[in-house]
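J.: Chain residues, written in single-letter form:
Protein chains: 2
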Amino acid sequence: MAIWLLLLFLHLFSSSAVTTAKNIRHGFPSSIVQPEQRILGSKTGHELYEEKFFTQILDHFNYNPQSYETFQQRYLINDNYWGGGADKNAPIFVYTGNEGDIEWFAQNTGFMFETAPIFKALLLFIEHRYYGKSMPFGGSKERAYANSSTLGYLSATQALADYATLILDLKKNLTAIDSPVVVFGGSYGGMLAAWFRLKYPHVAVGALASSAPILNFDNITSPFSFNNIITHDFRSESENCYKVIKRSWQEIDDTAAKPGGLEILRKSFRICKNYISGEALKGWLGTAYTYTAMTDYPTPTNFLAPLPAYPVKQMCKAIDDPKTGNNTFEKLYGAANVYYNYTGDATCFDLADDSDPHGLGGWTWQACTEMILLTDGNTEDSIFPPNNYSYNDRFVFCKDNYNIEPRPTWIPTQFGAHNIYRVLKRFGSNIIFFNGLRDPWSGGGVLKDISKSLVAIVAKEGAHHVDLRFSTSEDPKWLEDVRNREVRIISKWLSQYYRTLAHSSDYYNN
Amino acid sequence: MAIWLLLLFLHLFSSSAVTTAKNIRHGFPSSIVQPEQRILGSKTGHELYEEKFFTQILDHFNYNPQSYETFQQRYLINDNYWGGGADKNAPIFVYTGNEGDIEWFAQNTGFMFETAPIFKALLLFIEHRYYGKSMPFGGSKERAYANSSTLGYLSATQALADYATLILDLKKNLTAIDSPVVVFGGSYGGMLAAWFRLKYPHVAVGALASSAPILNFDNITSPFSFNNIITHDFRSESENCYKVIKRSWQEIDDTAAKPGGLEILRKSFRICKNYISGEALKGWLGTAYTYTAMTDYPTPTNFLAPLPAYPVKQMCKAIDDPKTGNNTFEKLYGAANVYYNYTGDATCFDLADDSDPHGLGGWTWQACTEMILLTDGNTEDSIFPPNNYSYNDRFVFCKDNYNIEPRPTWIPTQFGAHNIYRVLKRFGSNIIFFNGLRDPWSGGGVLKDISKSLVAIVAKEGAHHVDLRFSTSEDPKWLEDVRNREVRIISKWLSQYYRTLAHSSDYYNN
Numbered sequence: 001m002a003i004w005l006l007l008l009f010l011h012l013f014s015s016s017a018v019t020t021a022k023n024i025r026h027g028f029p030s031s032i033v034q035p036e037q038r039i040l041g042s043k044t045g046h047e048l049y050e051e052k053f054f055t056q057i058l059d060h061f062n063y064n065p066q067s068y069e070t071f072q073q074r075y076l077i078n079d080n081y082w083g084g085g086a087d088k089n090a091p092i093f094v095y096t097g098n099e100g101d102i103e104w105f106a107q108n109t110g111f112m113f114e115t116a117p118i119f120k121a122l123l124l125f126i127e128h129r130y131y132g133k134s135m136p137f138g139g140s141k142e143r144a145y146a147n148s149s150t151l152g153y154l155s156a157t158q159a160l161a162d163y164a165t166l167i168l169d170l171k172k173n174l175t176a177i178d179s180p181v182v183v184f185g186g187s188y189g190g191m192l193a194a195w196f197r198l199k200y201p202h203v204a205v206g207a208l209a210s211s212a213p214i215l216n217f218d219n220i221t222s223p224f225s226f227n228n229i230i231t232h233d234f235r236s237e238s239e240n241c242y243k244v245i246k247r248s249w250q251e252i253d254d255t256a257a258k259p260g261g262l263e264i265l266r267k268s269f270r271i272c273k274n275y276i277s278g279e280a281l282k283g284w285l286g287t288a289y290t291y292t293a294m295t296d297y298p299t300p301t302n303f304l305a306p307l308p309a310y311p312v313k314q315m316c317k318a319i320d321d322p323k324t325g326n327n328t329f330e331k332l333y334g335a336a337n338v339y340y341n342y343t344g345d346a347t348c349f350d351l352a353d354d355s356d357p358h359g360l361g362g363w364t365w366q367a368c369t370e371m372i373l374l375t376d377g378n379t380e381d382s383i384f385p386p387n388n389y390s391y392n393d394r395f396v397f398c399k400d401n402y403n404i405e406p407r408p409t410w411i412p413t414q415f416g417a418h419n420i421y422r423v424l425k426r427f428g429s430n431i432i433f434f435n436g437l438r439d440p441w442s443g444g445g446v447l448k449d450i451s452k453s454l455v456a457i458v459a460k461e462g463a464h465h466v467d468l469r470f471s472t473s474e475d476p477k478w479l480e481d482v483r484n485r486e487v488r489i490i491s492k493w494l495s496q497y498y499r500t501l502a503h504s505s506d507y508y509n510n
Numbered sequence: 001m002a003i004w005l006l007l008l009f010l011h012l013f014s015s016s017a018v019t020t021a022k023n024i025r026h027g028f029p030s031s032i033v034q035p036e037q038r039i040l041g042s043k044t045g046h047e048l049y050e051e052k053f054f055t056q057i058l059d060h061f062n063y064n065p066q067s068y069e070t071f072q073q074r075y076l077i078n079d080n081y082w083g084g085g086a087d088k089n090a091p092i093f094v095y096t097g098n099e100g101d102i103e104w105f106a107q108n109t110g111f112m113f114e115t116a117p118i119f120k121a122l123l124l125f126i127e128h129r130y131y132g133k134s135m136p137f138g139g140s141k142e143r144a145y146a147n148s149s150t151l152g153y154l155s156a157t158q159a160l161a162d163y164a165t166l167i168l169d170l171k172k173n174l175t176a177i178d179s180p181v182v183v184f185g186g187s188y189g190g191m192l193a194a195w196f197r198l199k200y201p202h203v204a205v206g207a208l209a210s211s212a213p214i215l216n217f218d219n220i221t222s223p224f225s226f227n228n229i230i231t232h233d234f235r236s237e238s239e240n241c242y243k244v245i246k247r248s249w250q251e252i253d254d255t256a257a258k259p260g261g262l263e264i265l266r267k268s269f270r271i272c273k274n275y276i277s278g279e280a281l282k283g284w285l286g287t288a289y290t291y292t293a294m295t296d297y298p299t300p301t302n303f304l305a306p307l308p309a310y311p312v313k314q315m316c317k318a319i320d321d322p323k324t325g326n327n328t329f330e331k332l333y334g335a336a337n338v339y340y341n342y343t344g345d346a347t348c349f350d351l352a353d354d355s356d357p358h359g360l361g362g363w364t365w366q367a368c369t370e371m372i373l374l375t376d377g378n379t380e381d382s383i384f385p386p387n388n389y390s391y392n393d394r395f396v397f398c399k400d401n402y403n404i405e406p407r408p409t410w411i412p413t414q415f416g417a418h419n420i421y422r423v424l425k426r427f428g429s430n431i432i433f434f435n436g437l438r439d440p441w442s443g444g445g446v447l448k449d450i451s452k453s454l455v456a457i458v459a460k461e462g463a464h465h466v467d468l469r470f471s472t473s474e475d476p477k478w479l480e481d482v483r484n485r486e487v488r489i490i491s492k493w494l495s496q497y498y499r500t501l502a503h504s505s506d507y508y509n510n
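If you're matching them up, the sequences are chains W and A in order.
Mapped onto the working numbering, the consecutive letters of the first sequence carry residue numbers 1 to 510.
Mapped onto the working numbering, the consecutive letters of the second sequence carry residue numbers 1 to 510.
Next comes chain W alone, as it looks inside the complex (with noise of 0.2 Å):
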């Protein structure tokens, strides 16, 4: 149970640089489930796919000395279903890796597995530099990551170009350049996979992108829209499980402040001895709900702990009809013990725990530099305390930390996000938009069709790319559906290509 989930949440109560430093640490949860160990059945990830390198270009948009120095940049490769080979031009499904260890990623994304080979399709998936194993700098993270130097290189348009890179030069290698591909991504890995398909069409014939909140910059998506999204899943469930919670924090800063107050906290939520603070015991809490919220699927899952299915109706149920007490404190534990400890095999938990089993550290730098999606604001009506959201926060300790001003302008001016509807109403094509409204990064995700070809689908019992999850026999019918529109749609892409490729011939010496 690693405090860095909880690291999230604690802007919600400060707005000290600090507190907002640990905030945009890991402020991108995304893909955060394990694989369905059930569906993987006894296989490791190392018999899902072989790990190789690529090496890759460190600077693709400049030509000074050190642009060309060069990493080795790793991706785990399955051509178990690539039906005929190169010689069939059987398609190629590849994963744009988000900001962790690729093998949690691929091993996440069951569908891309499940779906290779309906299509005979080659399975690719890039990790993406400065996670993982694909550090620059010879391979080590403490110099990847030493400062802004050479953190400098890491940012979502340098990713893109080595996808770009990667998947020609491995065409070419496997004799395969006119295999059509696919890219495929959730969170951050399905905004890169939706630019993918805008920025290199040539490259990708389309792009699934599940979860992608590319409007979430600017002011584009209001910065209350995460927290509403969260409080509207637990009021949804019950009014009063949503008054609990929302009445608890000032509860616990009354108790912290109190003499004695802590170790009463510490009691009650079982906080292992070395450390205990209220503003640490209120992330950990905030924490808990807004995974869950995040990953509130419709069937069991694992976490980093276990979760139910449905986990957000049965925290309310711990609430609303609790086991161990009828104190808010017990009702609040029994909630957190969903999330944090539904296997019931903790003894403690620990609050100043910050592993980072899945790699997410760098992503602290890319909250700092151009992802800035502000999720902080809290109206008069949320679960959380009202607050309004603040860039300054960001700004402050993005300078404080790295000596560096983000630039929030920057991915809007590039990919584009203001007014999308218009803009691509008659540019582009071969994207599908996922989005399950239960998910708080759905506020800032394409929740409506912008053409035939760029479309939405929004799954309203659904939670963050709950798509992508390997299936399993107790999917509701909506998911099916949602994975069956899926496949046809990709189909279809497919079919369009091949009937293009046998028909262009008479372009090929333009």
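Honestly, the hints are just simulated from the structure, not real lab data.
A hint or two may mislead.
Given that identical chains are not distinguished, each listed pair holds provided it fits within a single copy or across any two copies.
[Said to hold, decoys possible] For lysine-lysine, the following BS3-like pairs were computed, each having C-alpha atoms within a straight-line distance of at most 25 Å:
id, residue 1, residue 2
1, Lys120, Lys460
2, Lys492, Lys477
3, Lys258, Lys243
4, Lys273, Lys258
Assemble the complex: chain W is given as a structure, and chain A must be docked to it using the hints.
T.: Below, chain A alone, put in the same frame as chain W:
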């Protein structure tokens, strides 16, 4: 009569690295035409536009400390025609500056001045970084061009990002956020215009890309194409003219090798006393043929010296029907005079003059990094001596001069070029690709419609971005037709934009 024009051409006659060096200096002789003084009347450039500066970021794609440095980027603005100002959402026409002083391009893009009143458009000409007055590193060309560390930030991708950043900022400052932007460019500027629409569809609603050889990369266009077209231009005027020129190279070599031969050549061609060599003379002649083919316009134009209408025809006339004598050198001298001395003012020709009046020197760097437009091949039938093109020459030169290796596949990796008809069949919209088939660069252009809104306009009789020039009363009908068609298409883009804008209010709060 600057010798820089000559430098393009030396490569035809040698494959040594030194010669290649000279060859690729100013390797992309685009927009090499002077303003039509007749049309501009007594107006100087400064009356056509106001000069302004924008504080631009050095590196858009990385976040190292140096990336945050800024420089003053020049742009020219003309709001004489801007109907109703920002309130009416009147359009903004932007020239995406290429490899030289922006005033030179502005003064040679009469089409924008002439169409602005029709559309009540604001005119904007943005200077490309590292050219003219837009020098990073304190505005000092000496510092900016000092070495590969400082030159490193000179790339097409950075330039496009500059344009997006500047345009969006300017629109905000003019409270003209909903004014549609159309981009225009010729030659390399045309490549930038096309790529800008493809990469920044949220900034520009359409692009007129004139004589943009975006397919002249990675062997998509044959390296023999460029000189084949020059050959065809001359041969189509007169088979004798072609043969005289084709045979002359050997004769020059033979003469130069004889005792006293260089003096014969000097006298025959009125070369100044400071410098002569057989290679330099051939380069000087080759430059004349090449640039005359590129600017084989149907009306008299001002280049570095005035040119008559249909100058290739005039050159061949000088060869076929010599006034000054009947030997080969006298014929060639007559032809060279059409290009170098149409007014008859020259007393001698200085082969050592390496002045660069339009500041095109940065192209050498671009040609050593990403702009690997190979045009050096000559078939047996070429008007120039047969030779294979050589990427290796380029490589050696760049290694020697900058200790840098070109990245010949990067432009097609980033912008796409292979199978463009297939790739963009269902992606992208609103680009006009104009090409004149007399123009040797047309071989690398888009010569067929890609889709209904990615259209090719091809003028059999046209030369290098002739459509962008100021109109004259002697323009042939085909040229009027081309410009009228361009205006109609742009008009359609704008109407469509305004219709969508009027009906898109429901989309605003996505």
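J.: Now tell me, hint by hint, if it's right for this structure.
T.: Structure-based check of all given hints:
In this assembly of identical chains, lysine 120 and lysine 460 lie within 25 Å of each other by CA distance neither inside one copy nor across copies; the values are 31 Å within and 47 Å between. Taking CA atoms no more than 25 Å apart as the test, lysine 492 paired with lysine 477 passes inside one copy only; the shortest distance there is 22 Å, against 45 Å between copies. Taking identical chains as interchangeable, the C-alpha atoms of lysine 258 and lysine 243 lie at most 25 Å apart only when both belong to the same chain, with a minimum of 23 Å there against 103 Å between chains. With identical chains, the CA atoms of lysine 273 and lysine 258 are at most 25 Å apart within one copy only, with a shortest distance of 18 Å there and 99 Å across copies.
Hint 1 alone, counting from the list given before, is not met by this structure.
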